[in-house]
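Sequences and hints are given; from them, build the entire structure.
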Amino acid sequence: MRTITSLNYKIIFHLLGLLLLVNGGFMLLAALISLLYKDGVVLQMVLAGSTTLVIGGSVMLLTRSHRKEIHKRDGYVIVSFGWITMALVGTLPYLFTGAIPGFANAFFETMSGYTTTGASILSDIESLPKGVLFWRSITHWIGGMGIIVLAIAILPLLGIGGMQLFTAEAPGVGGDKLHPRITDTAKRLWIIYVGYTVAETILLKVAGMNLFDAMNHSLSTLSTGGFSTKNTSVAFWNDSPIIQYIIIVFMFLAGTNFVLSYFAFKKRFSRIFQDDEFKWYVGMIAVFTVVVSLLIYFKADVSLSSVEHPMVWGAFESALRHGMFQVVAIITTTGFVSADYTLWTPFLTVVFFGLMFLGGSAGSTAGGVKIVRHLIMIKNGILEFKRTLHPNAILPVRYNNRAVQQPIVYNILGFFILYMLSFIMGVLVFSWLGLDYRTALGGAASTLGNVGPALGDLGPVNNFGSIPTAAKWWASFLMLIGRLELFTVLILLTPFFWRNR
Numbered sequence: 001m002r003t004i005t006s007l008n009y010k011i012i013f014h015l016l017g018l019l020l021l022v023n024g025g026f027m028l029l030a031a032l033i034s035l036l037y038k039d040g041v042v043l044q045m046v047l048a049g050s051t052t053l054v055i056g057g058s059v060m061l062l063t064r065s066h067r068k069e070i071h072k073r074d075g076y077v078i079v080s081f082g083w084i085t086m087a088l089v090g091t092l093p094y095l096f097t098g099a100i101p102g103f104a105n106a107f108f109e110t111m112s113g114y115t116t117t118g119a120s121i122l123s124d125i126e127s128l129p130k131g132v133l134f135w136r137s138i139t140h141w142i143g144g145m146g147i148i149v150l151a152i153a154i155l156p157l158l159g160i161g162g163m164q165l166f167t168a169e170a171p172g173v174g175g176d177k178l179h180p181r182i183t184d185t186a187k188r189l190w191i192i193y194v195g196y197t198v199a200e201t202i203l204l205k206v207a208g209m210n211l212f213d214a215m216n217h218s219l220s221t222l223s224t225g226g227f228s229t230k231n232t233s234v235a236f237w238n239d240s241p242i243i244q245y246i247i248i249v250f251m252f253l254a255g256t257n258f259v260l261s262y263f264a265f266k267k268r269f270s271r272i273f274q275d276d277e278f279k280w281y282v283g284m285i286a287v288f289t290v291v292v293s294l295l296i297y298f299k300a301d302v303s304l305s306s307v308e309h310p311m312v313w314g315a316f317e318s319a320l321r322h323g324m325f326q327v328v329a330i331i332t333t334t335g336f337v338s339a340d341y342t343l344w345t346p347f348l349t350v351v352f353f354g355l356m357f358l359g360g361s362a363g364s365t366a367g368g369v370k371i372v373r374h375l376i377m378i379k380n381g382i383l384e385f386k387r388t389l390h391p392n393a394i395l396p397v398r399y400n401n402r403a404v405q406q407p408i409v410y411n412i413l414g415f416f417i418l419y420m421l422s423f424i425m426g427v428l429v430f431s432w433l434g435l436d437y438r439t440a441l442g443g444a445a446s447t448l449g450n451v452g453p454a455l456g457d458l459g460p461v462n463n464f465g466s467i468p469t470a471a472k473w474w475a476s477f478l479m480l481i482g483r484l485e486l487f488t489v490l491i492l493l494t495p496f497f498w499r500n501r
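For the record, in the sequence shown the residue sitting at position 301 is 301 according to UniProt numbering, with numbers rising by one throughout.
Treat the hints with caution; some may be incorrect.
Claimed, not checked - Listed next, with one range per pair, are the computed distances between beta-carbon atoms: (1) Gly-456 - Pro-101: 20 to 28 Å; (2) Ser-270 - Tyr-410: 50 to 58 Å; (3) Gly-57 - Leu-490: 29 to 37 Å; (4) Val-282 - Phe-496: 36 to 44 Å; (5) Arg-499 - Arg-402: 43 to 51 Å; (6) Ile-394 - Gly-414: 34 to 42 Å; (7) Asn-392 - Arg-499: 40 to 48 Å; (8) Val-287 - Asn-401: 53 to 61 Å; (9) Ser-58 - Leu-383: 38 to 46 Å; (10) Gly-195 - Ala-470: 47 to 55 Å; (11) Leu-35 - Ala-199: 24 to 32 Å.
Everything labelled a hint here was simulated from the structure, so no lab data went into it. The beta carbon of each residue, even a glycine, is placed where N, CA and C say it ideally should be.
This is how it looks when you write it as structure tokens:
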């Protein structure tokens, strides 16, 4: 008796072709930006988009007679190879325009875009054509909402640790759910995602950014990506506090479960304030903002840290703003930079390194471990003390006043162990490839958590361009597995996955 169904290759390739069509469409949109700004690379961008459309259309045409049935194994392959395929083809605008020399560099930049990591190999971003810059930002935007759709439609079905909790809050039958149909749920979240992007663009434009910079930073913010159109990232606008406050607000929203945004628009505020993860999310940001801001104000050498002193509302406002900005940017894994936080005392450097393992909310565009997983592990750890004293008592972990099924708890614990093992392996490989220990530690934490800026030679004012080619490929792999919740990719490396019996 066959226990595992064989892969439905036709539906897999058909959906990969569909992803290429989407990719090609956005490339042509970037070509339109090139045309509007007359940046000299219109033909190259059109060629990249057309090539992608032809490949995608051909694949879909050849696989049109597929079985409309997706099993669990098909889902793993579609998700993993979908991201890889989009990253491979997403290099074409960089290669055709010559904006990024070398396939390894182009692939790194593209993977960093789709996984919303924000790490870059570019040293002079402002010299790139406008169409290429827009394409760079749009890869963030596609990948950002792509992970939301995955979280709703696919990851819970695959049993990814913690995502079952999210799906309990999103699709399903009942008055407290968004909508019983997954497609309608995804549609509603897409509307919120687009709405936030438009709103931030307008606000940044009104606050003083030009329209192009406002669009690009909105695309990067809502995806919690971190690509900027400026070499110094958001530090370019250190003399415009309102711009940085606007970005802080939208980074916070992007790192929040998008289902809660839906409840907010439906005026179901009680659902928001009763959500355990949201309360911890807000609490952690508040606590770390206070700690970081006070240390910047009293301890940091502002002449070295790029924190302007004094400003409109004084030195404390500046410390508070930069502290809040970097805390939110790291926790939500957006990775924007308003100052070089590695110069804010060694203690704060360690604090930001630790925040790279926190992550935003489940059902957000943020990367990392996710707060809900930390919360479940903490609650389970506390219950272990009680279970030791009362071994016969039934003491379930409770989340949002509901008991969490034990398999989910085990899955979350397994995920965290696998995450830490992946981090350790990441550090070891980076060290073996020649990176010093600080750079290896920061690089592994940043790429696996999809954060962007790291430590050492990969700090906030540096980039990944100087690391060896092999290290760029390894970093790309870490970005991929981190973004797709580890299990989704790593299970493909096991021999039993490919057996039909």
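Quick rundown of the hints versus the structure:
1. Gly-456 - Pro-101: 20 to 28 Å: holds (25 Å)
2. Ser-270 - Tyr-410: 50 to 58 Å: Taking Cβ atoms as reference, Ser-270 and Tyr-410 lie about 31 Å apart, which means the hint is violated.
3. Gly-57 - Leu-490: 29 to 37 Å: This hint holds: roughly 32 Å between Cβ atoms.
4. Val-282 - Phe-496: 36 to 44 Å: Since Val-282 and Phe-496 have Cβ atoms about 42 Å apart, the given range 36 to 44 Å holds.
5. Arg-499 - Arg-402: 43 to 51 Å: 37 Å Cβ-Cβ, so the 43 to 51 Å window is violated.
6. Ile-394 - Gly-414: 34 to 42 Å: violated (22 Å)
7. Asn-392 - Arg-499: 40 to 48 Å: At 41 Å between Cβs, range holds.
8. Val-287 - Asn-401: 53 to 61 Å: violated (24 Å)
9. Ser-58 - Leu-383: 38 to 46 Å: violated (55 Å)
10. Gly-195 - Ala-470: 47 to 55 Å: Because 42 Å falls outside the window, the suggested range is violated.
11. Leu-35 - Ala-199: 24 to 32 Å: holds (26 Å)
The structure fails hints 2, 5, 6, 8, 9, 10 (numbered hints given earlier, in ascending order).
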